[in-house]
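Q: Line by line, the protein sequences are chains A and B. Taking our numbering, the leading residue of the first sequence gets 5, the next gets one more, and so forth. Taking our numbering, the leading residue of the second sequence gets -5, the next gets one more, and so forth.
No lab work stands behind these hints, which were simulated from the structure alone. Careful, some of the hints might be misleading.
Unchecked claim - Across the chosen pairs, the derived CB separations fall in these ranges: (1) A:F12 - B:K96: 38 to 48 Å; (2) B:V476 - A:V422: 26 to 36 Å; (3) B:R301 - A:Q415: 45 to 55 Å; (4) A:P25 - B:I468: 14 to 24 Å.
This structure is a prediction, so every number in the text was calculated from the model and none was measured. Note that beta-carbon positions come from the ideal geometry of N, C-alpha and C, so glycine has one too.
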Amino acid sequence: MVLSSLIFFPILGMIIVMLMPKDKDNLIRYTAVGISVIPMVISFWLTYDYFVNFSGTAAMAYVEGPFAWIPSLNVNYHLGVDGISVPMLFLTGLLSTISLIASFSIKIRVKEYFAFFLLLEAGMMGVFVALDFFLFYVFWEIMLVPMYFLIGVWGGPRKEYAAIKFFLYTLFGSIFMLVAILIMYFTSEPHTLNMLELIEHGGAMSYTLQMVCFIFFFIAFAIKVPVWPFHTWLPDAHVQAPTAVSVILAGVLLKMGTYAMLRINWPMFPDALQALSFWIAVLGVIGIIYGALVSLAQTDLKKLVAYSSVSHMGYCMLALAAYDSVTAITGVMFQMISHGLITGALFLMVGVLYDRAHTREIAVFGGLGSKLPVYTALMLMFSMAALGLPGMSGFVSEFMIFIGAFSSLNQYLVGISVLGVVLGAAYMLRMFQNVFLGEFNMAKWGGLTDINGRELLTVLPLAVLTLAVGIYPKPLADLMLATLDNLVQIMSR
Amino acid sequence: MNPQLPIVNVLETLRLMSPEIFLFIWALVVITVDLFSSRKNDSLVGYTALVGIVIAGGLLAVTGEGVAFGAMFINDPLAIFFKIIFLGAAFMAVGSSFGITKQKVQNHRGEFYGLILFSTVGMMFLASSQELVSLYIGLELTTIPLFVLAAFYKDDKLSVESGIKYFVIGAFSSAMLLYGFSFLYGMSGTTKLLQMSVNIASIHLSYQSIGFTILIANVCILAGIGFKLALPPFHQWAPDVYEGAPTPIAAFLSVGSKAAGLVAFAKIFLIGLWGFIGVEMKPNDWGVLVGILSAVAMIIGNVVAIRQTDIKRMLAYSSIAQAGYIMIGMLALNEHGISSVAFYTFVYLFANMGAFAAVTVFEDKTGSTEIGNYKGLSQTSPFFAVVLSIFMLSLAGIPPLGGFMAKYKVFAAAIDQATMPGTFKWLYWLVGVGLLTSVFSLYYYVNVIKQMYFTKEASIYTMTFNKPVLIVLIICLVGVFVTGIYPEPILDFTDKIYTAFSFSVLK
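In isolation and in its complexed conformation, chain B is listed as follows (with noise of 0.2 Å):
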């Protein structure tokens, strides 16, 4: 990264940032374009939405990287990718809303898929910033149209309670997170994170003293991140807030908010305070601390997502588990690390928004989120029950599809870690903790797959899928088997990424 600014005008600035342009202003279409379409017309605005990301895909292919307003806005192949996968779950969410646009939200179909898309430009906002004040803004932008979704059935007590939690601990850990920030500021005199990493490392090497501030700000980052990415102990809101807001906002939020805190995360840690995960700067040794708590998120969201019957919480739950995976990958500190946590998301992105989406299908016609009214479903509907199964299965692991591949990934790089000499052994025991709760994941993920398929009787549902949902179904199907399959391609970009980080300059 070349810390001299270059010099570039304004328009090749606003050009960089065109995707986001793009994209907020299409929000305010489609807020506008629902005043305008009549009530039954139903479909309009979400048409309306999804092209719009489309439009702000095609203009992120041809934006490429680049660097504006003195190094705050970078695009790079971790900002690139990250936004492909926004969009994507953005896309997808949008994609499986319109059973409930029909139904639950028929009146405010505009602002429901405004604000999705207002979420999905800060997101893009953060993956792009390269210094703290942008990346807290990118941030909030991301999670403050998500408070006001959680909560949008209104005369939902589930959904109102949800919205509640949700921005009671979203503010909190906001406020944790703007406080570390402060220390890190106030450490090092920049909110720019290349320059960060230097500043910190040097003044704690000749003054040796700061030790204790930066374990403080490291709590309070990993704290206010923590709750993004719902990583023990930090999940409790997760199983309410996936429970009561509607199903495709649930989905949203578990892959496209905690891609957004993984974004973060990295950011962060990986560039700012890279110097501090050995043990040799002990004790602001971060990589311990987050190694426990993705341990941890292993070992409860698998557990107790076993006894679930609510197949949302049930997905909440293995949200907070397969957290914990990624952070493996963030922890293995190498250029493969990043890179397996960039294709553990975008595999993620299929397996989970496409589960999603089937329960969102199941919950439109039959108004119920249980496990146990999954019963006999393969009979009646054969390509629901085949394409769950596939999600299920994925999420679980299970080769040939892109969960496998994913996890693989991720294991292949934490070994690689802890094999090498260094201190890095105790890599080996977080690998040995997400196999071991990779097996009980196994017993929930195959439990639906139960219901639906060895039951005698036949179901008395039949699932009937609207155009757009099917879409999205499709593309996730194709998504997780292209990623188990031939994941070469996006293996290729994702190996790219690392050059955005501190270690990068090592090699």
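For reference, chain A alone in the conformation it holds in the complex (with noise of 0.2 Å):
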């Protein structure tokens, strides 16, 4: 029941606050807040109680089901959670808390924005619970509507190419999972859409068939990654996004594509895996450096922020390609973390401030340090964080995905790869100098407030975790390390 409970308070939330007087904004919000702690208690508990009891095995925990939901096509309702999904868990209830106090801000149609995005919160749950394929699939999609909705009504300038965009390229990358859904549910006997039990069937598949599933899964979940070429939809989402589905999109829905490959994708297909790992790194160091490049050239700050996150999901992509070195894998982990974390933060931190300037050019800004103390210490922070810097979570998985890389890969291509930590440097660095440095503009500026509480308590619980993951990141990776180990096994078969 812990499991179904992520999902459907959520949704309850979502009808309460449907059924609210329309004209209500403030009552509206702290319901919103109100119903979606309690996911995030649960969430916090359920790491707290896999970490306690569950840690040690692999075998999936917290099971529930299968329960027949429509026996005449196999479906069923499946949950169940293990060391990869359980971190999932806990960032997913944590950043959807922390954007829902972000979302304050939101002035307009409050009501509809917080039912959506109560809808979102539920249908991110379920993909990180699900073990039914089906199951992952209906959840996989109904995030596309609130998602779709919070970019198009609330967004910036371009909000509805932006959302359409989003809707498109996702449902483009779908319809291909579909596909192999379907493939692996009539070639497997008995026919069955449990992935667990798909796990052990693809393996056994011939090498073609591998192929094309491998390809056709790779395609719906490195769009949502999102992997370079594939990654066009996300600075146009990001930039036009309001704050708080930055967040999300940043924080939660890109981990969706690493977490599917990991949960999928690579233990299903291990020949297909084999053959195409040298392309898949080579994806993720392009990623790196192109990620990189790009966001050195902007002059938007959330436009930043989002290419930023392409090079860092390169990362991902890269120690993905070794699938058979534990380091890489929990590296893997332990970025997706701490990416979502700090660029959650991140977009936070470039939403206050566009919320008091009602600008994100980087050009007009100079100086703010003197002004803002504190946005300006959390910003530098953040920054660092992102850059790698030692005592931060950042530091620590990128250290685990070069070490992992490194002893499995071709080892000149993760050489390539690294040259993005000096360019994260750059771009990080040069924003701050431009932004926080030098001269002070007083007539145009001097009117800035420094961060507000409700703005330091969204914030704040993210910078504790970014040092604590990155001074004792151990608990972290002894919650993941048994199902890793046998993740990799599986992987490498």
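Since each chain comes alone in its own frame, lean on the hints to assemble the complex.
A: Here you go:
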């Protein structure tokens, strides 16, 4: 029941919000946040409980079902979590509540906004707990609708274009997934949609069929990650989306791509994985370098953070290509979590500035450090975390990724990818220098106020976690170790 | 199917046919009621028609399965299921017509509703007929009242154009169909479909010389039914007719008439010509032929719909595309295939009738069908906007709505057949086209949602609903959700349908 409650509390919340009177904005806001605290607390408890009781084994925990849902199509309601989904649930629970608090700055059509947001949360939770392919697909798709509305109604000037682009892109990926799911289903004997059983079956499929299914799944997930060259929806969606939606987009939605690769794509098709891993690494490296170079050229703060996501997710792809190294795969998990925390926080911070200055142009600012000390300190910390300063979570993950990848991939390739760290430092420091150091334009920005209490409430938990993971990553690694060990064995069978 | 004629008494036969007989009489009653009801008391006739449809449904429920008139008239799961769809379509078409009968067709209410019921009777006969002559009569009884209904706004140029166009093309396609039937009869010496499938196959195998004739028959029949289904290249009439016809009639055409065409197709091809789908019996292979038509339907329908600015024309092209999706299920040629066809049509009934009902509400209020005029409706009429959005998302196939389940079922049936060893690998390509074009389709369905939600300023219109149309909308809404979230009872029923078909013999 624990996992179901993660999905159904947000849906319940959506219904409650929808039934509330339209003009009671504050009541709606507090209700939405209040309801989202429940799944957050459950996800915290789940993480703790999993750590204490189940982290030693690779088996699924808290399994619900399989309960027959549509027996004539062999569709079951089947949930369960292991070491790779628990941290994702933690992240989803935390970031959802934080984003809802950050959404207090939404002033128009408040009721619809919070209702869609809660539906989005339900979909995200569902993706991370589903063990049935059909169920997984349904949750994967359910998220698109609220996301489309959230970008399209409350977004920036080019919101309509960004919203439909996001929707079409992701749906385009999903259809490949659907075909692959159907092929998996009909070639398995007896027919099943159970992911765990299909991991066994996938390894026994013919090489051609493995390649087809692998590539189909990969396209679907790569669009979500996004892997270069499927990334073009991301800058549009990120820049046009309201702050809180960007946070969810970067913090959770992108992780679904890499999560699904680890859960479905990689373990199911070992032969195809072996044949294609080099090219996946190449895509990863291109993503790292390309994302970093494009970030370097950005004049818009939010676009800079958005392109840095392409670069950071490139590290994940690089390490995913090193599927036979536990270190690399642990690095992937760390990178997913730390990118969720850091980039989420960076989007929040950019949003804070945008709410006050109504612009995100890097060039118009300068010397904000003297006027906004608290804000600047936090921004400094997150920038440093993003460029991988030791002591922060970003360093831990990148370190693991490089070590793991270097030992099992083409070393020149990994060598090139290390350049990404240097470029990362370049664009982050350039941004920091231009916005926070230098001359302060008193006439123009004299009216800016420092970060307020509500905004601090949204950012501080992320800061604390970034530091905690950076300084003492062992508990998190222990939580995932058994699962990842087992996963690497399956992937390199 | 037992070829021996069961001895049944006349009363038993009439009992089996009672829903059709009742509905026919009731249509006359409806016309008569109009004579006595006052012009001001405008809902009485409509409610009479609705009650009749509900009673016919009740009669259908109590009659159950059976065979009559020497196996010319069969009530099997296929017939029962499609009769439910026809009655549902009629109910919703009548339910959303109350606004029109108040304004535009005030003086001809009885005829308007009566003709809808007559057409429904034709569809129901069609679903039960098991041989060519009664099938043809059923099809004609379906179409002829629709010619009149399409031209019902007799002062409106577009409506008259629509009626004439539909009439000319309908007459032409019926002739083609009949011509094709004559070949089938000539080759097999029977009009009974089950017997025909045996005769044609055995004649073909023993003489090897009727291949070309079968091809001609296939093409003629395909053209005839293709017009009814609006499958390209026989689709040109659909957008014009939908645009001109009264909106509930366009809805009835797009669901009822299309479903009737599907039943006719299934009966002729999946029973009568069943032996000739496979590649073994080339050149009479109608499978690939229909596959190409279905692919073209999905491409043309979905691509052209993107450019439409009139919502009725957009829905017309969307219905062309949806016919293409349904045909994939038909081609899967196994029990899942025909089950998916029935299920898809059932879901389509709710999603499409619902969408058209919403369009009717808007048209009654504003007189416009431009998509651009839907701007900002979410703020003045939230219920309307939510409901129409859900129908659009269902048509686009977004889970957890019925449209997704239907598409999943169709594609699953096709992939099932394609993964079997055999000559059906081309179904992969068909599924590929279907999935790719369904991404295109998202664009124009979501465009309506975009208009309603994404603008800052509120609409100048506020929607009001009369009671029947509200009921229709709510039924459709519930239908779309139930078929998406808990489709098991319906799938249970549709999985029984394949017993009507020749391939059930092989099981």
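Q: Please check whether B:V476 and A:V422 have a Cβ separation lying inside 26 to 36 Å.
A: At roughly 56 Å between Cβ atoms, A:V422 and B:V476 fall outside 26 to 36 Å, so the hint is violated.
Q: Kindly confirm whether 45 to 55 Å is satisfied by the beta carbon distance between B:R301 and A:Q415.
A: holds, 53 Å
Q: Is it true that A:P25 and B:I468 lie within 14 to 24 Å of each other by Cβ?
A: Since the Cβ atoms of A:P25 and B:I468 sit about 23 Å apart, the hinted range of 14 to 24 Å holds.
Q: Look at the Cβ atoms of A:F12 and B:K96 and judge whether their distance stays inside 38 to 48 Å.
A: Roughly 44 Å apart at Cβ, these two residues keep to the hinted range, so it holds.
Going through the hint list in order, the structure does not satisfy hint 2, though it satisfies all others.
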